[in-house]
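K.L.:
For reference, the chains in residue letters:
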Amino acid sequence: MATLNPGEFSQNIQLGIEVVATLAFALSGILEGARKRLDAVGVCVVAFLAAFGGGTLRDLLLDVRPFFWVKYIELLWAVFVLCIVAMLFMRQRHFKFTEKAILWPDTLGLGLFTAAGVFASIMAGMPSLVAVFMGVITGVFGGVLRDIVCNEIPQAFKDHRPYAICAFFGGWAYIGLRELDNPAYVNMLGCVLVTVGLRAFAVWKNVRLPEWRN
Amino acid sequence: MATLNPGEFSQNIQLGIEVVATLAFALSGILEGARKRLDAVGVCVVAFLAAFGGGTLRDLLLDVRPFFWVKYIELLWAVFVLCIVAMLFMRQRHFKFTEKAILWPDTLGLGLFTAAGVFASIMAGMPSLVAVFMGVITGVFGGVLRDIVCNEIPQAFKDHRPYAICAFFGGWAYIGLRELDNPAYVNMLGCVLVTVGLRAFAVWKNVRLPEWRN
Amino acid sequence: MATLNPGEFSQNIQLGIEVVATLAFALSGILEGARKRLDAVGVCVVAFLAAFGGGTLRDLLLDVRPFFWVKYIELLWAVFVLCIVAMLFMRQRHFKFTEKAILWPDTLGLGLFTAAGVFASIMAGMPSLVAVFMGVITGVFGGVLRDIVCNEIPQAFKDHRPYAICAFFGGWAYIGLRELDNPAYVNMLGCVLVTVGLRAFAVWKNVRLPEWRN
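Protein chains in written order, with full-length UniProt numbering: chain A, 1 to 214; chain B, 1 to 214; chain C, 1 to 214.
Hint data in this document are derived by calculation from the structure and do not stem from the laboratory.
Please read these numbers as outputs of a predicted model, since none were measured by experiment.
Careful, some of the hints might be misleading.
As the list makes no split between identical chains, a pair holds if one copy fits it or if it spans any two.
[What the hints assert, rightly or not] Cut-off 25 Å, straight-line C-alpha distance, at most; resulting in silico cross-link-like pairs (SDA-like, lysine to any residue):
#: 1; residue 1: Lys-71; residue 2: Val-19
#: 2; residue 1: Lys-158; residue 2: Gly-197
#: 3; residue 1: Lys-71; residue 2: Ile-84
#: 4; residue 1: Lys-71; residue 2: Trp-172
Required output: the full structure, derived from the provided sequences and hints.
P.N.:
As structure tokens, then:
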């Protein structure tokens, strides 16, 4: 660690973050796919969409190539193995696919992907507002794709519980910390903490977004 | 105006057109999101998708960067402010979210985006047919994304009232005017007039597309 | 044929394959759109999405331009004509839009697009696993887009009959044949045969993917 320059260190942090976030979102996809009673292939596809959808869309928009799953194809294999293990495990255990089970991997993935998204956008020279949006897209879009394919209005837009908005504030936390000349990994950590913290608080206290009156 | 060369002038026209079209479509997204009773965040997301979806897809396909919302991030802020103002306003006024309310901003956005889309594609050296398709995609796809996220069959494909087809003829009007060596802003104006005119006529006279017999 | 070098020959094969696959998928889109009782424009859009969606997504991901439908705009016209002819024909004949009618063009398109997708990815220097995934995406995604627009859970993920998985094995057949230093058109042919064969066998024998137990 002492021999790494800060840039490399942040890059490694980003890599670590993307790996954990990818697996967390893949798990959320598997659970959602199982809940919707898709077949084995459908569950895998939803897992892949949830895991790689947000980051791929971000890289498409930023025009960054190769995609991180082309650069680290081990990730594709890892999600594959996760799918198979999860299926075998769930077959044996009569696992209940409650919405709660999806909650924690989903929250973790949201925070991690948001941080990775803001970081990648800043690296690509985007202005702050765009970087924050890219962070939100990276964090939220995997789940949105997952829900669209499962033919549901994306949970993120409908359940009146703060979700995308947590990523939004997390993104601004990144920008704020960056203004104070912190190294990138501090900014990322702050972004993850704010996003996950807000989301966990919202779920815990059952905070609700304002509704439309009739 | 006299000091601008025609190319610059047309670019400015395109900019003005995209701004108005973006706001018109954002409004249509807000109304649709409210009608589907999404939460505040969902309404914003649908507004952003409707406003920026078509143009972003066009730029992705044409491989044009930066996106117009990266180049003019004021637009992102403008849609943001529009969302917040609209929400406050609608809360106060017990506004009825009828399909009709969406009709006019939607029609205007359709015409303006189609013109901007054909112009951008011609600039990128696309052949006429592709440029027309890109115009239709720019005009129609924001609304399609809006409807997909709201979990509806896109209105554009289902309501048996001419919509995409108006943009299609509008696009050919652009190509026709261009063949006659008109400056780009004339072509764009013609495209907008034909598209909006056809759509308005279709709504007014309740023209219906041929249905499938059983 | 004797005067073509193998690379050119394979390119021509790829072109021929994409043309047939495009028309086959366009037909599947027309039938699906008609079954969902979309209007004439909606049927055309679904046909275009089914026909060009998979290949366009692949080219977007591989960052290959121009798209094959920009390079060969005759294809756009061909799908257009197909739509119009199909509509006239179906109006006259009181055609029944059964799921079976979609089955054969769909299976053929799946095999052909998968082969074209793997070939294009290998050409773009992708590693084997990514090339296989790109093949599956090219083959499956047109149909997925078709179903999403028609507001259905994509048939590919839900019907418990092997579909994407046939393309997956077909893709590996390509990679395997390539390892044996076969020319590209042999690999493509093998991929098509394996994919279509597996799919046809699955439909014929009514093979079902494992289901989730409760």
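K.L.:
The structure should be examined with respect to each hint, and the outcome stated for every one.
P.N.:
A quick look at each hint next to the structure:
no., hint, in the structure
1, Lys-71 with Val-19, "within (12 Å within a copy, 32 Å between copies)"
2, Lys-158 with Gly-197, "within (21 Å within a copy, 36 Å between copies)"
3, Lys-71 with Ile-84, "within (23 Å within a copy, 41 Å between copies)"
4, Lys-71 with Trp-172, "between (28 Å within a copy, 20 Å between copies)"
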